[in-house]
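*Asks:* These are the residues of each chain, in order.
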Amino acid sequence: MTLIKKQIPLLICFVVGFLTLSSYYVPHPVSEKYMEGINKWENIVFGFAFLLGLLSLFFSHYNKIRRRVPGWGYSIFVYIGFLMMVVPAFVSWGQQLDGASLTSLGWAYRFVFNALSGTMFSVLAFYIVSTAYRAFRIKSPQAAVLFIAALIMIIGKVPLGQMMWDGALGWTNVLVADIVEWLMSVPVVAGRRGIMMGLAVGAIVTALKIIFGIERQYMGKD
Amino acid sequence: MKKIPLFLPFLFLTALSSAAKPPAVLPPLTGFTAADMPGDAGGAALLRWDSPGSAAAGAVIEVYVSDPAKPAWVKLADFKAEAKSESDFNRPFWAWSPAAGRNAVRLDTSAVFGRLDKPQELDFKLRMVRGAASAETEPVRTVIKGNWFNAARLNNFLLMLAITIGFFWTVSHARRKGLFIRRIAGLDAIDEAIGRATEMGRPIFYSTGIGQMSLVPTIASTSILGEVARKVAQYDTQLKVPHFDPIVMTVCKEVVKQSYLEMERPDSYRDDINFFVSNDQFSYAASVDGMIHREKPAACFFIGHFMAESLLLAEVGATTGAIQIAGTEQESQLPFFFTSCDYTLIGEELYAAGAYLSKEPMLLSTLKVQDFGKAFVMVSVVAGSILLAAGAWFGWQPLIKVVEQLFKAY
Amino acid sequence: MEFLANIWQWFAGLFTVTPGWMIFGGWMAAGLTLCIYSFLYKDNPFFKVAEHLYLGAGMGWVFQVTFFQTWKPRVWDALMDGQFVVLIPTVLGLSLMTQFFPRISWISRYGFTFIMGYGAGLVIPLEITTNFLRQIGGTIAPFAGGAGFWAMVNGAIIAFGFICVLFYFFFSVEQKGVVKKASNIGIYFLMLYFGAAFGNTVMGRFSLLYGRFDDLYKYSGSGYFYATHVVLGLLVAYFVLDKLVLSKKNGGQEPAH
Amino acid sequence: MKSTLEKFLKIDRRLIFLALAIVLFFPIVRPLGLPNKNLGKDVVNIYNHIESLPAGSFILMSLDYDPATRPELHPQAIALVKHSFRLNHRIGIFTLNAGATGMIEEIAERIPKDIAPAKVYGKDYVIFPYQPKPQAVMTQLGIDMYAIYDKDRNGAPTREMEVMKGIHSVKDMSLGICVTGTALLDAWVAYVGDKYNFPMAGGVTAVSQPGYGPYLQTGQLKGLIGGMKGAADYESLINELDKGTSGIDSLSLAHILVIILIVTSNIIMLVLKYF
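Protein chains in written order, with the working numbering: chain X, 1 to 222; chain R, 1001 to 1410; chain B, 2001 to 2257; chain P, 3001 to 3275.
Incorrect hints may have been included.
[Said to hold, decoys possible] Partial pick of chain R residues on the chain B-facing surface, computed with a CB cut under 10 angstroms: (1) L1159; (2) M1160; (3) A1375; (4) Y1410.
[To be verified] Pairwise CB distance ranges (calculated): (5) X:S22 / R:Q1234: 49 to 59 angstroms; (6) R:I1165 / P:K3171: 31 to 41 angstroms; (7) X:F90 / R:K1070: 47 to 57 angstroms; (8) P:V3044 / B:N2044: 43 to 53 angstroms; (9) P:T3264 / R:Q1212: 35 to 45 angstroms.
What the hints contain is simulated information worked out from the structure, not anything from laboratory work.
Nothing here was measured: the structure is a model prediction, and the numbers come from that model.
The beta-carbon is built from N, C-alpha and C at its ideal position, and this holds for glycine as well.
If we strip away everything but chain X, and leave its shape as in the complex, we get (with noise of 0.2 angstroms):
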């Protein structure tokens, strides 16, 4: 039973990893025929993963209701917002546009969908600002860096602040866009480089592990 719970598909694994691997070196057309194959299998493969996030969630609410845990009534309106989405896209056909008016799964993504997504990220802009006055303190010579950093990149983005720096600071005749530009073309640079070069190594031996099976968290307990 291991051969077929756990060898074969480590197998599958190495198999289909090596193979993945060597077609970046092979340009022979068996290589490309091979790749194509597997390029539309994984679009197909992953076309079902999300259902994974799905039913979890489902999963997840139903367990809220069935037990009555508290605040299980707003677990409902999961299934409603799903359906809002779900219910007019079968009416429509999934044809967000009617010629040239909407339909009704148009609509719910344009007044529902775009509503809840759009403003649940955008609630963090009044977080930054009360951050920025009660927790943002400028404790070491490292974190001044910072904050002149942020400083002059706040200030040099927009007009008014532009506007501001040439009022003070006119007469350096150092426009602060050009600080902007140098500090994201230079030090950025440098900086976000020496992070990739970590990120970039460890992506490579995960991949090894993934292929040689010594990474196998991905599988789930035996």
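Since the structure of chain X is already known, use the hints to place chains R, B and P on it.
*Replies:* Only chains R, B and P this time, still in chain X's reference frame:
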């Protein structure tokens, strides 16, 4: 080399005359060869010929192709006669040796004949045209086919091999002997934070973030939690670990329990040290915020995978005056942690801290390979810039080309 | 059969978007937006409802898009076309779902190993090229001197900072002497990067908020019968009422915020 | 004195929220009309790159943003579409993010209305359906794109469309642009740009913009539009001021508010510490 003195007077003449009118007679096209384009999937040919030089200024070269099975010449491409020098060809020196005074072009035949999976025999010829004058080469026959190795990607291939070998070496080495990892400065701050909490008699909050158990930052975070729990057990302080993910919570319960056992304090261990809050990002942040606000902990740890909630968590800790130690791999959240926390573990530093504490061979070896990678980069950058600068200073163009081509993609 | 068709027609007719629906849409959007913003005052049922709707709607959207743009053309139409080979990836994809049933969860490994092996094999050479070789090449390129003196100076700063940052993240050597100095400089380069990211994040978040406010302003117009104003008024009324009732119930204690 | 300052520092954050709301809302009702000067270098680069392409070039636009980042990225995408149409380039629009299909539909609705009424679907532009697994799609784009995109979003065969004439893979296209709020642009650079030597450019949120510095320096990205400021820059370049530019007033005021808050609070901190 011999051609140059022959050409010089000729060049001079054309320079004089071209202003008025180019010579009516075109030089002949010589040295024409056709071959399969190396390192591709087929469907392309590599044509090379002697550069016609400035005598052909203003002329156009046309390429014709024909299938010997059904002979009929089809025009495949045309370009300026002066263009297409071999040294401009986008292939590195180890897969391409350009000759001076030769031209080369890669031509796609699939546009005419479609892409065949099997080798394909084709005839090629060149024709140079300027006004009424023209010159033509003899047809050359060659076989176009797919190749089994793209030599231009050799630099990538060798590096891939080196990393693979390095990885397996470190894995086996880590298993046998363990590997050295330097002390991480941020871990010293843990002692200070716990000492302060003990003095003040206030609790410590530890959040592992919103990552799943499979994420590396979460794994590192549980190792650090183990260390924190050991210290907490030792000083008999209060620890609270609010959770976002039930699986992470189960793992953390084991970790904390183990730490208390190691410090021989199983009696002080309580099962509610780890507790579940919510698996919704903002609800989690709001509830933890509320708790921190009410209980005013002496120290807060935010270590693991954090997204937008970092802002909300770090703010409330800072306003209640707790010592805050944070660590995440999320670059977009690091600025917020850095400005509102007392100590921040940046990206890989977090992984290193986790590996340092856990002594797990797999984690250690990953870290080690990353260090090898970084060492390679440092050496390459230093050596590469010195060589390039030297090449530029002394005008050694070949040296510049060699160094630049080593670090390119093909 | 005809009866069912009639019912469907009637049902589908309900979903025709009329001008009235467009105005109602404005009310919907303004209402949901303000419900979420009400969290800023304090956690409340309206926020929770909107939050849960968001979870469901997000999933619902992905579901319908995948259904109509992937499953239907790539699986269903292909099967109708007689291409039975698409059954293999379909079964592999569906095998992922066995994860939820512990006894047969091992079946999902076939799907997962297929995805993971492919992803791992693809990423190795590309990481080497994109984030490794080309970054080294980019760092040393200015030293060839093609772009002038200042480009070379900036290139030198990048190369120097880059190496210092690498020293900061180098864990195999104890940090003392030159290594310590270099890594101390490296951290300042990191700070400049984080600072720039910070400044930009501030701008990004404000832009998102501006976008929502712009919509709210649109829905506050007379064409939408002042949806924003009315919803905002109702929410304020709720909080005032809530405060009055709450202060009576537990002695005016505001929950921690 | 000290206690007043301390109280001032611990002010109820809802007051700060209110201040921000007012500062952002005011210019929406009463536009200030501040001039957007100092266009970003990377934005100008992408503009010049598109300008330099011969008419009829095929531009691939991967619009991978959802409503969460709409205010920053939607104006960018619209400006890019307008510009490309003005130069008579062919456009192929598709997405690797399911949430983006509604955004693309909005562009599709606007093209005949106000973006480019003269352009014909199927002749000048085409919209492909959403496809999952970005890596597989990108890899296949470099081999033979019809293996995945044989039909457009309405199920019509794409192979015969006039707009697709001579296009088999990215090797036949002139430029790829990915507008996204996720890390997909990184994937585009690695999986398509470097692998198939395909010129790529991008449009990203302000949050992720600094992270692309290295790719811009090496030329792996031909240009980058960052956030709403980038969108405003592009709108001024093509001289069609729209939603990106109108946000600049609000951003200006809000930025000033943040600076005032950070500086005040840190000064108070210093006073509390040393006096």
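*Asks:* Confirm or reject each hint.
*Replies:* Hints and how they fare:
1. L1159: holds, 5 angstroms
2. M1160: holds, 6 angstroms
3. A1375: Nearest chain B Cβ about 8 angstroms off; hint holds.
4. Y1410: holds, 9 angstroms
5. X:S22 / R:Q1234: 49 to 59 angstroms: For S22 of chain X and Q1234 of chain R the Cβ distance comes to about 53 angstroms; the hint holds.
6. R:I1165 / P:K3171: 31 to 41 angstroms: With a Cβ separation near 34 angstroms, I1165 of chain R and K3171 of chain P satisfy 31 to 41 angstroms, so the hint holds.
7. X:F90 / R:K1070: 47 to 57 angstroms: Taking Cβ atoms as reference, F90 of chain X and K1070 of chain R lie about 54 angstroms apart, which means the hint holds.
8. P:V3044 / B:N2044: 43 to 53 angstroms: holds, 47 angstroms
9. P:T3264 / R:Q1212: 35 to 45 angstroms: At roughly 40 angstroms between Cβ atoms, Q1212 of chain R and T3264 of chain P fall inside 35 to 45 angstroms, so the hint holds.
Going through the hint list in order, the structure satisfies each hint without exception.
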